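Work out the full structure: start from the sequences and follow the hints.
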Amino acid sequence: MDAVFKALADPTRRSLLDELFARDGQTLTELEERLPMTRFGVMKHLKVLEEAGLVTAQRRGREKLHYLNPVPIRLIHDRWVSKYAEPLAATISGIKRELEEE
Amino acid sequence: MDEYAVINGRGAMTVFETYIKTAPERLWDAITDPELRAKYSFGVRTDSDWTPGSHYKASVPGVIDIADGENLEVDPPRRLVQSFRALWSDDVKSAGSSRVTWEIEPVGSSCRLRVTHDQLADNANSELYGGWPMILAGLKTLLETGELLDTPGSLRYSQALA
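Residue numbers (the numbering used here), protein chains in the order written: chain A, 42 to 143; chain B, -6 to 155.
These are calculated hints, taken from the structure and not from any lab test.
As the structure is a prediction and not an experimental result, all values here were calculated from the model.
If a hint is listed, it holds; no wrong ones were tucked in.
Computed from the model, here is a short list of chain B residues facing chain A with C-beta under 10 Å: (1) Ala5; (2) Met6; (3) Thr7; (4) Glu10; (5) Tyr12; (6) Gly131; (7) Thr134.
Not close to chain B: a few residues of chain A, all C-beta gaps over 10 Å, as computed: (8) Met42; (9) Lys47; (10) Leu49; (11) Asp59; (12) Glu74; (13) Met78; (14) Lys88.
Virtual Cβ for every residue (Gly too), placed ideally from N, Cα, C.
Structure (structure tokens):
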């Protein structure tokens, strides 16, 4: 979990995740074009994100595509947020059930 | 490596990954055993005989049908490829069939689990693949701690049954 927080602590890396959130499965070249960063900078930050498990790379032919992997963030959510989210979600599903039964 | 080829223009794909401290066989069981599967999948069980070419159905019996499809490749405890037809609403039903690939790779005393959901339409409804982070996080927690998650989604249909 340390690696996830370290990776997220940097605004440049967060903007890389924003990019992948908006459009998943981008190549290094595409990311480099979209962000005010050198190719080397993008590579360096992607490596940190990959090591933290926040970005997953997949080879497709000669290309390497980068995908946002939200599972580590979900684990953080499960650890601290779940108990607060529970009553709200229960209320929403309760309302939905009532409406459906009407 | 062209495992994830674009077919009929349906190219969108999502990839989810997590490392779980467990043996591949145990992880395979957690994916294919209906009771275990339900514990981290919103209470939804997945029933099948798990032979190549067999049919599977994901549902909360008597409450809701979630998905069905074919087990295209079954290679325990490493690889499972399934066609995926969502059934929980008219909107997702209209999306037709996509593909889900489960890959288990041992790494030291852990396993890397990768779930690739591809052959989705470019403008695919995010509901189709949006549940995976919750499912994979729940699976990791279950196998590593033996505890069930009490997150809203994981309780969703078990509450409906109660």
